[in-house]
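Assemble chains B, C and D onto chain A, guided by the hints.
Chains as they are written, first to last, in our numbering: chain A, 7 to 308; chain B, 21 to 355; chain C, 1214 to 1526; chain D, 6 to 508.
Please note: incorrect hints may appear among the correct ones.
FRET-style restraints, in silico, Cβ to Cβ [stated by the list, open to error]:
id, chain 1, residue 1, chain 2, residue 2, range
1, A, Gly138, B, Glu105, 36 to 46 Å
2, D, Ala28, C, Leu1286, 42 to 52 Å
3, C, Leu1279, D, Glu355, 38 to 48 Å
So, partial list: chain C residues that the calculated Cβ filter (under 7 Å) puts toward chain D [to be verified]:
id, residue
4, Gly1297
5, Ser1474
6, Ile1514
Quick caveat, the hints were computed from the structure, so don't treat them as lab data.
No residue lacks a Cβ here, since even glycine has one placed at the ideal position from N, Cα and C.
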Amino acid sequence: MSAELAPETTAEAVPRGRAVRRALGRYLRHPGLSLGLFVLVLLSFVAIAAPWLAPHGPTEADLMNTLAHPSGDYVLGTDQYGRDILSRLIWGARISLEVALAVVALSLTFGSLIGAIAGYAGGWLERTMMMGNDILLAFPGFLLALALVAARGSSLENVILAVSIAYTPRVAAVMRSVVITIRPRPFIEASRAIGMSSSRVLLRHVLPNALPPVIVVTTVSAATAILAEAGLSFLGLGVQPPTATWGNIISDGQGFITSNPLISLSAGLCIAITVIALNLLGDGLRDTLDPQMRRYTGERML
Amino acid sequence: MSDGAVLAVRDLSTVFPSEAGPVTTVDGVSFSLGAGETLAVVGESGSGKTMTFLSVLRLVPPPGRVTGGEVLLEGADIAALPASEMRWIRGAGIAMVFQDPLTALNPVFTIGDQMLEVIRAHTAMSPRQARALALEVLERVHIPAPAKRIDDYPHQLSGGMRQRVLIAMAIALRPKVLIADEPTTALDVTVQAQILELLAELRSELGMGMVLITHDLGLVARYADRVAVMYAGRVVETSPIAQGFGRSRHPYTRSLFRSIPRLDLPADQPLTVIAGQPPDLARLPAGCAFEPRCFLGNGREDCRSERPALLPTTSDRHLSACPHWRALIDAEAGA
Amino acid sequence: MLRYTARRLLLMSITVIGMVTVVFFLLRAIPGDPASYMLGDYATEESVAALKAELGLDRPVWEQYLGFVKRALTGDLGTSVVTGQPAFDEVLESIPWSAALSVSGIVIAVLAGVPLGVMSAVRHGTFADLFIMFGALVGISFPVFWVGLVCILLLAHEVRLFPALGASSSTDFFTQVHHLMLPALVLGFSVAAYIARLTRSAMLEVLGQDFVRVARAMGVPERRIVYRLALRNALIPVLAVIGVTFAWSLGSAILVEAVFSRPGLGSMILKAVFARDYQLVQAGVFVLASAVVLVNTSLDIVYGWVDPRVSVS
Amino acid sequence: MRKTFGALALILSAALIGTSAGAAELRVRIGSDVGNLDPARIFGIENQTVASHVYNGLVKYDQATNKILPDLAESWSVSEDGTAYTFKLRDGVMFHKGYGQLTSDDVKFSLERVLNPDTKSRYAGQLAGVKGVEAPDPLTVRVVLEAPNAGLLNKLTDFNQGWIASRKAVTEIGDKQYAMQPVGTGPFVFDKWSPGNQVRVVANKDYFGGAPSLDAVTFRIIKDETAAAIALENGEIDVFFALQSPPVIDRLKKADGVTVMNRVANHTINLVLNQTVKPLDDIRVRKAIAYGINREALIAGYFKGTKAPGHSVITSSFPEYTEEVPQYAHDPEKAKALLKEAGQEGFELELITVGLSPYNELVIPMASDLEKVGIKTKITVLERGAYLQARGKGDIMTCITGIVGPPDPDSPLVSLYATKSFPPGMNTSRYDKADDLLASASAEQDPAKRTAIYQQVMSQTMEDVPVLPLYADQLFMAHSSKVKGLVQNSLFTVQAYTVSLEE
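Chain A with its partners taken away, still in its complex shape (with noise of 0.2 Å):
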């Protein structure tokens, strides 16, 4: 007999099937929110259907065709082994995507949990929390991340346990600040009232409340998270070769990047490309889920 006493955050009326279909076709109208929504569909696609799409094996090498221009059988030409760009560029979308999709599930899962707990909590422990948190902050998250890789070695499991720790303090972060403003709203006083136990107020209220901005936020850690697997690939602490990794393959492709530049270039556009993608998903979300955004943003001005 408890959460239906809490009311709606929001005293809105209208009912909640417009409202679900108004909050749809905002997404959808918005342009970057969709278009980067979109790319990202596309290269999961691609990611998924890797085995079936990528003309060659990603580490399946050519000795007899090293290097080679871009041809019908090679669209993007080759390495320095003769293996196919284009196939591991495609190959290379897994990597990026687990990586991205693991760093978000593992800083989102202990991130939220750390700040709801510590927002929640108050007090010295949300003190002490948050200080080893803003020392974790404070640290070069890449840096930190490269030492870890360095402590545990370089293997795919340890580049994502690596940037997820480097990048938890941020969510983290976030979920507080987030908590702390909620927690001090009516409707979390009442459950309080009537006698809801701490950790069901956290997952029945603040959760759901804190998780939009959250959201946004963890787009941006994968945006993160696949540039800091590929740095980290660059300096040879990501993952190994042969794995095809944008990373590898830009760092293969450095060698050659006067006689080849096709090499490091596309799989650094492959980069830049997903990243723009979850950078424009953020940013979309953050209009459209974050009404604190949405501001009255003034006349033009000049």
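Chains B, C and D in isolation, oriented as in the chain A frame:
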């Protein structure tokens, strides 16, 4: 509409495009204001009170747009002025005091700095002269020890003090018209009275026309000479306070009155809440906007089909947009 | 203000200690044994054990930690296990390179990012806004090392405008600056993009606030409103993140240094990571962490000066 | 803001202090930073290159012919039983930086320092048979051996353990600190190391062989080869050392004013097959692997012809070189047949390599080839430390290695095939059938007979294939046209003593 009006507005309209089509937030509003007169503008939130005066100042936030009407300041139409000249009217011709003194001052500048910014935007005064003027007006709004206060940051002042600073800023250039947009809603009750007294005092000292936008009907009777009631972007009734504010000639005004607690009535008399929702401006009915909630006209065919005009009732100075206003008087007489 | 500054400084030392602690324990978690790495293929188990004892690697981790903190407080960051030189000396050699790159990168970023962000906010919704924001999106989305590679390809290889190397053996100031320019621009570009986005949204938020409406209603010219009244408010969040971008730029600097073969703390740490030179990694991270905290603390103090609300509350 | 710029200027100027522009300064690209220039502990071609300018050995290799020539020793004699070598030192050789004249005591000190277990020198094994070093008078050194070792002079050449340091310098500077403050007798004096950036040595005007024509040599640390190539073309560096990337080699060959040099190195890069791990104990499986890997395509396709075929682990730069050994030309059918015969179709081969280029890259086409003959492959790339530990344990299936060193046949043969090279050490294949031959080669004083024994080792090991040479490394270097007199050696170092600069 009298020729002696310091500010006269005719048929002012402002439209906002929206997903559901254009929304007319200010819909053919007309009123006039004499020098030294206080006009109270009342209505529920969203009724277009503030938007009307932002339209007068041409500060409607985009994508909103003033679509028509005249704004005569001392007889000159400022609605037609180019944007570059409009700036000179703001602050010097018509000044505005906003609702929340807590957010109306820039937190990272001293109040003196902000006042000087306004003064020097309109005059060629040296910083020293401008500062002297700022001190003078601060004195005028009864800020104690203004020489000390002028270098304070807003957060060092109380809410009431901040509102005085904003008023000082507004009157510094001796505007012809002062628009006070709910100047006391954000303040303590005790401070409210002081601020309103100050405004009244300044109005008579400086001979300004004053607009008091409020939803506090109690204030209207005490401080205003005339009242204009707005509903759904339209003025539905204007009347002199002397004509008896209680004797409203519009059902909406009546309902508004009954919905506020009053100390002069027995405590056990029930308060009436106005039935229904405030109107959706994007989907206004063809007829009277208040019809769906009206105790008088709900369901009446003429109310539904015809949009009523603002017309004189018992006197030339008391206008109502309800064709059935007589029914209200009958009911009174009957009671 | 004095109390505020003192509190900031106290917090700063706590943060430095915290960072160093985290990094110290992370590094101890590295599998693989530095002693046998150093001794190479012919080492015997005894000699490995002896070296471990010498390096203190045989003692419990917490004891190693206490020893490290104690020495660090006296300015001794240990001895590089590879070169036998004090780690601090090598760090000291790297600091000027890193500082020059990061500072010039941030300066470029602020000088480009803030005006572009303001322009974008002021022209909100126009083509100029769209153009700047697209540029900024590109800036934050392209991997910094890739941008560096492309710049080398285009500006050092195709058009020989800049040297391909981020450092020169020349002692000539202008030659060094010439070598610094491309890395600094590459580093600055990504940070500038971030700052421009932030400035824009901060500016848009400020321009939507009541006091801007008040200033408009009082007839203050738009130019004054934007560039004096609103800009200072908008710069507060920007200032707050410059500290973050500084930390961030130190991370990116590792990549930029790698692309441009430029010395610096980043490449030193990277080298030490590969060589498992614990002492050197520790020293480098200690100095980087201190730099981040120092910059953040100074910014906090400046913050207190720009935003009068902060130092009081 | 002004403060910021002030600080920036300060920082920039601080970065510039340290070097002064010399008149004739050679700028040499090296691929990574130096870290230890102590002869007893030195490792890596960058360190060795820098150190070779600072130090001398008792004897030296001729840069071009690899013949052993006098260096610090004017002459030497061998006792009849071959167990004592007596060296007569050159008189009046001065150590750098005022550390006095070179005496036999410095030689004794340097060699004993390598032998002393406390030094933990990785080269102690190189001097393994040395019983003692005697200094009967300041200019005479006697090296006494436990047993005759015809290869001793190779161990005392100007490389690694052969470099002579000053007792006074090492003692005064400190055993550990000496690593980056080397004091030798060579043609150049160590000047300054700017970590991550460059190392500078300046001319030793009093060099016993005559002052070098250069005033200074600056070794610039430039990791990326493309960037280094552009720098060479732009005149930012004069010598491009350790050139490896085929496209960069190709590009520099076409560039104006750039000369590309190449020479076969003293080492091959090898796939080591551990005979103690099943099914590699079966010679047919090892042979199948040898036939299965397309080494010709590796050289032609991946290396674009920049490497030479590896017939055995002894390359053509050795006097002992021969091609009269069992050969394994690419033959996938034969490989399949051998596997079938051994009943090992479809077993999984783990290819283990250190995470360094080109080792971690080579495995990729190799794996691809082996898959084609029906061997499943798994590539494991290990960090250096972990890799060495794994090799030290001795139970890893394979590894990829090259024995970089002087043109001393013992260097690759003993390291790769002698049982005493494990544990710890390089004999990861755990081969145990070459010990007797290697011992008799050591004892043999007649060079021709020795060569014959070594060639017998080569034939036998190529028949047993515990180690499959993938290719003979070839060293490339490029320099601008103003560099004159540069001679390329086969040691994988570069020596600037003979170089002069012409505008």
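For each hint, the structure was consulted:
With their beta carbons about 58 Å apart, glycine 138 of chain A and glutamate 105 of chain B fall outside the hinted range of 36 to 46 Å. Between alanine 28 of chain D and leucine 1286 of chain C the beta carbon distance is about 47 Å. The supplied range of 42 to 52 Å therefore holds. As the Cβ distance of leucine 1279 of chain C to glutamate 355 of chain D is approximately 42 Å, the hint placing it in 38 to 48 Å holds. With its C-beta approaching chain D no nearer than about 3 Å, glycine 1297 of chain C sits inside the 7 Å limit, and its interface hint holds.
About 4 Å separates the beta-carbon of serine 1474 of chain C from the nearest beta-carbon of chain D, less than 7 Å, and the hint is met. Given the 7 Å rule on beta carbons, the hint for isoleucine 1514 of chain C is violated: about 13 Å separates it from the nearest Cβ of chain D.
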